[in-house]
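*Asks:* Two chains, two separate frames, one set of hints: put the complex together.
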Amino acid sequence: DAGVIQSPRHEVTEMGQEVTLRCKPISGHNSLFWYRQTMMRGLELLIYFNNNVPIDDSGMPEDRFSAKMPNASFSTLKIQPSEPRDSAVYFCASSLAYRGEQYFGPGTRLTVT
Amino acid sequence: AQSVTQLDSQVPVFEEAPVELRCNYSSSVSVYLFWYVQYPNQGLQLLLKYLSGSTLVKGINGFEAEFNKSQTSFHLRKPSVHISDTAEYFCAAGSGNTGKLIFGQGTTLQVKP
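Protein chains in written order, with our numbering: chain L, 1447 to 1559; chain A, 5 to 117.
Looking at chain A on its own, in the form it has when it is part of the complex (with noise of 0.2 Å):
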């Protein structure tokens, strides 16, 4: 079966630090990945897809995310960070036609001044 493991609950950082949120995912088939955000009492918010293609992908607010077969990982990066960005993070994955999702178990950003 799919499975998507963030690998740290809670990611600590200081603005205008880097930063790199974990994920890894399990199929034998191939997957479309996705990172989502999302901020106290809203939904989630589409950061980033990958479908097919170029690896690294750009999204929006300044994240990006490798896509990485050898190690089924697609890591979700930003080279500085704002205090705007302290939210829950959510990796998904998805395969087949069917639009159903696996997602992760979340990571929370929390950007410190």
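Next up, chain L with everything else stripped away, as it sits in the complex (with noise of 0.2 Å):
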């Protein structure tokens, strides 16, 4: 299995500029989770999925965030209008949820200016 598939890896956006991270989890898994991570704040959980749905989004920092997956084989965060405060590195996991472990994609080192 190719593991957990993120991209970009790397995107550099203007202050204002809507940014799009997308996520291909483990083929079979049926939960997904997104998770910011900064050197201030630590490994944060955004949002998860169970299913395809969004469980819990009390992570989501404001309304300028949102996290779609349409279907089982992808997902996608959304942060519209970026700003500064937003430059994070963004993981995605996945996991068969029963089972508990999860697995990391590379992550999307997100530079906003």
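Any given hint might turn out to be false.
Residues on chain A that point at chain L, a partial pick, calculated with CB under 7 Å [what the hints assert, rightly or not]:
1) Lys53
2) Ser56
3) Gly98
4) Gly103
Keep in mind the hints are simulated off the structure, nothing from the lab. Note that CB positions come from ideal geometry on N, CA and C, so glycine has one too.
*Replies:* Structure, rendered in structure tokens:
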């Protein structure tokens, strides 16, 4: 299996622009998680899905952030409009919910100038 | 609410010395526990997991951890570290069947020659 795939790996954009991050989970996994990692705040869970349904989005910082999972093999995290404080590494992870272990993608490093 | 505390933010150690990275969790329900490692500019990689059964768990790269229910701890150990073990280590806990994990703040292991 190719593991969790994220794209792009790096994104540099200007403040106010829309940013879309993409994730393909491991085939057969039914849970998907979006995290954000910064030096100041560490690893934060933004939102997670079970069977394509959002279960908990309490970690989404504000309305500028949105996430979708239209099918079992694809998810997006969108930031509109982006701000410099959104600069971070964004990770996607997937799991078989009942086993708990999550498998992480390589991350997308977002820089907003 | 469930929480995970990693007691040391940084642990410096000389090569070939033993190391212990400490992790405590709080939970009133059965938990499953994990240790992840993150090398620079990479995603998190699963080191080992405790779901049930034997309290001593062996993982990759010579690491092991012991689940101690009475002390609510899950400390990570390695008898002899290598330079290549220099990385960030995260302890995580989950419960139920949602797959959601609570992560500690991370411990930076610095192995010196």
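*Asks:* The structure should be examined with respect to each hint, and the outcome stated for every one.
*Replies:* These are the hints, each one checked on the structure:
1. Checking A:Lys53 against chain L by beta carbon gives a least distance of about 5 Å; that is within 7 Å, so the hint holds.
2. Taking 7 Å as the C-beta contact cut-off toward chain L, the hint placing A:Ser56 at the interface is violated, the least distance being around 11 Å.
3. Nearest Cβ of chain L to the Cβ of A:Gly98: about 5 Å, under the 7 Å cut. The hint holds.
4. With a cut of 7 Å, the hint placing A:Gly103 at the interface with chain L holds, because the nearest CB-to-CB distance is about 4 Å.
Consistency note: the structure conflicts with earlier hint 2 alone.
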